[in-house]
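**Q** Chains as they are written, first to last, in my numbering: chain A, 4 to 324; chain B, 4 to 324.
A few of these clues could be false.
Given that identical chains are not distinguished, each listed pair holds provided it fits within a single copy or across any two copies.
Only pairs whose alpha carbons sit at most 20 Å apart, straight line, appear in this in silico PhoX-like list of lysine-lysine [what the hints assert, rightly or not]:
(1) K184 - K309
(2) K144 - K21
(3) K251 - K187
(4) K274 - K21
(5) K309 - K252
(6) K96 - K130
It is worth saying that the hints were derived from the structure and are not from the lab.
There are 2 protein chains.
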Amino acid sequence: MEIPERELVKILKKFGEKKPAIIRGIGDDGAVVRIEDSSVVLCQDAIVEGIHFTFSYLSPYQVGKKALYVNIADVLSMGAEPLFYQVTLGIPKRIGSDSVRAIYRGMRRVGCEFGITLVGGDVVSTKTDFFIDVSMVGLLKLDTYKGRNLARERDLIGVTGYLGESAYGLLLLRSGLEGKKGQKRFVDRYRNPRPPYEIWKELIKHDITNAMMDISDGLLIDLERMMEESKKCGIIYFDKLPIPRDLKKEKLEDLALSGGEDYQFLFTFSKTKIGLLESLIKKGYKISVIGEVVSGKGVKLIKDGKAVEYKIKGYDHFTNG
Amino acid sequence: MEIPERELVKILKKFGEKKPAIIRGIGDDGAVVRIEDSSVVLCQDAIVEGIHFTFSYLSPYQVGKKALYVNIADVLSMGAEPLFYQVTLGIPKRIGSDSVRAIYRGMRRVGCEFGITLVGGDVVSTKTDFFIDVSMVGLLKLDTYKGRNLARERDLIGVTGYLGESAYGLLLLRSGLEGKKGQKRFVDRYRNPRPPYEIWKELIKHDITNAMMDISDGLLIDLERMMEESKKCGIIYFDKLPIPRDLKKEKLEDLALSGGEDYQFLFTFSKTKIGLLESLIKKGYKISVIGEVVSGKGVKLIKDGKAVEYKIKGYDHFTNG
């Protein structure tokens, strides 16, 4: 990178904010923040150019937004409200200071949306790889966290939004069809993977969920992870999955099962909460009840009354990368 | 990287620990920890192979230790006790799972030394660069933090340990002289840059310091940063600097002024605390009083009664990288 540290600190300070809870922000060995007696969620998730995204399909500004959304989805899915974040940028020489500024602007934009603040981090040179690694601190909103390990037998399984939108958007970009009529919504979802914060707030307000996680690698693989951590079996019904009509038309239902980066919330909830959930659905919140939790292990996908054989094809950075 | 995610999560879980303050550790979208009402220090610092270290001079185990020490030094220098950390590894194909395990072992070793616990993070593939990015949470030990911006006029300037040891160790390694008689201490300091925790505990116990930071890029550049943040001028006396005899003999005093990675603490303190500090020195804690803070700006280096012209040569990743 050709940007001297002094200039970078100036850029960084510009993107810092003053808030009562921030006792000491950017400019020191660490930040000092005030946290009231509570349970705190910590998460840290990185994205790497050429592995998780490419600048051909995302602008630096969008990449900055994505890096934050990914972490916000993690914090929310634990049942916590995000508060502060730090970011490390790894920057090879080919990335100029304009791109770096645009990345920080993208992060600040998302920061404003969710009321969270950049308090520190690092900027390092790399030889070839560009990466953004964000760590985030959130405050738990309820007495218990919402984790992957909390699915209970006889719970129902719910999911927010639509499945496969983002993967279909990426497919359109890869095929040079991003301008195709009526398909903008999918490309937008890929480029702007904002977690469904408004639905999340309702789910938390009414304390509906038991287990919760965000779908980052695909419905089947992520549900399998939840069932593994919970030591239960998840049964889902193909007909109940919120698959966009365009995907059905194109026979691309697989993208809804195994396409990554939806950043929708997958959750389980007690049957006693079904009334509450249905009232949310009536109010217009896009939530689908897609199955139930039973004893056993793994995930069973039911189509036309029969269990369907499937191969987990969820996005796995480590074998696809 | 050729390590499947499932195996990595297993490795990671093995290195997690159970503690009452950890409500939910590795294995979820984020960790949940209990933090009592207090001020919290957050920091995040990365090291990149070929920029901050090379596997020619450090084993994977030592690299893991170094990644933690760097962050611990930051948390301590803010006046906080480190508690939890998360780590993102960026791994190109050439790094095998044995090295990854050794890196986590190195981190765990240091975690045990300081009583801190790995609670999460990420593992991502990269094309060529190997990096470790650690974020850390610490609890402030006193009512006020210890930052770079808190140096006061008429404060004295102190430094722990010796200066230039680590840079001299690296020089010996680069010259193939790491086995040279009597020089082991320097190579050890480079390879094992443990911050002087025991001295730090005394400084904090007696609330001696005003401003504090760790020397990561070199005495002159780091003191200049402290003075800039504090809007003061630092005067230091060459004769009072703790420069190892071997460096003087080899006419390598410059390494003590501008050599990076000492991870000693540089601090200012009120003259009223000089008695306390001297009693610590008498007890055998290696601390040197090297100068004083006056109004003005920048750093003045005095040698034989005269101000010495010097050029800041501290390690700057962004221009040296």
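**Q** If a hint holds in the structure, say so; if it doesn't, say that too.
**A** Right, here's what the structure says about each hint:
1. When the C-alpha separation of K184 and K309 is checked against a cutoff of 20 Å, the pair qualifies neither within a copy, at 36 Å, nor between copies, at 76 Å.
2. Taking CA atoms no more than 20 Å apart as the test, K144 paired with K21 passes in neither setting, with 24 Å inside one copy and 23 Å between copies.
3. For a Cα distance limit of 20 Å, the shortest separation of K251 from K187 inside one copy, 17 Å, qualifies, whereas the shortest one across copies, 68 Å, does not.
4. Proximity of K274 to K21 under the C-alpha cut-off of 20 Å is found in neither arrangement, the shortest distances being 44 Å within a copy and 33 Å between copies.
5. For the identical chains of this complex, K309 and K252 are neighbours neither inside a copy (22 Å) nor across copies (83 Å), given an alpha-carbon limit of 20 Å.
6. Proximity of K96 to K130 under the C-alpha cut-off of 20 Å is found in both arrangements, the shortest distances being 7 Å within a copy and 15 Å between copies.
Checked against the numbered hints given earlier, this structure breaks hints 1, 2, 4 and 5; the rest are met.
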